[in-house]
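Participant: Sequence:
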Amino acid sequence: SVDEGDDVTLSCKYETSNTGTILHWYRQQPKSNPVFLLYINLFGGKTNPIPPRLDAEVDKTNKEVDLIISSAAVSDSDLYYCALRPTVTGNPAALYKNLYTCILNIYFISIFNYILFFTAGGLADKIGPMDEDANTVGKELNTVTLECSYETSSDRIWLQWHKQYPNSTPQFILLKGAK
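Residue numbers (our numbering): 164 to 342.
Hint data in this document are derived by calculation from the structure and do not stem from the laboratory. This structure is a prediction, so every number in the text was calculated from the model and none was measured. Mixed in with the good hints, there may be bad ones.
[To be verified] Straight-line C-alpha distance at most 20 Å; calculated EDC-like pairs for lysine to aspartate or glutamate:
#1 176 x 222
#2 226 x 178
#3 209 x 229
#4 176 x 218
#5 176 x 227
Required output: the full structure, derived from the provided sequences and hints.
Facilitator: Rendered as structure tokens:
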């Protein structure tokens, strides 16, 4: 149990042989898309600046990455995810605050809702919907097209789509590299 004001450490195990691995932490509030918090690489390089009251540590021996929340508050109660590149985003040089959510509702006999979200890495300067109406409604067996645009000054970029069912973790769908 955690008391308000305590320091809290959330730990995640990872498996990789890539020394260039970058580990990401996200926070997700109910009915919202995951929000990027910070990243740390296997050599201890971190997001700059680190968000207030947050820090990260990596233990290469035990293959663990920790998110440390100092002076925990009730408002810190949420779902936290760790992600191994390229699970959720691409290049650590990107700002990662450009995480855009498109809501897609597919109607069956009963209703199944899930969130599709689009991320870009590789110095993505801007990301967003092609249309200001980000909510798309589709019927079973119909084709639905979700479009997002991006702007970048980078010569390489990684574009990703994920889906998320209620009360579950985001699932990777597609990764596309572009020049």
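Participant: Each hint needs a verdict: does it hold in this structure or not?
Facilitator: Checked hints:
1. 176 x 222: holds, 10 Å
2. 226 x 178: holds, 7 Å
3. 209 x 229: Measuring from Cα to Cα gives roughly 12 Å; hence the hint holds.
4. 176 x 218: holds, 17 Å
5. 176 x 227: Cα-Cα ~4 Å, so holds.
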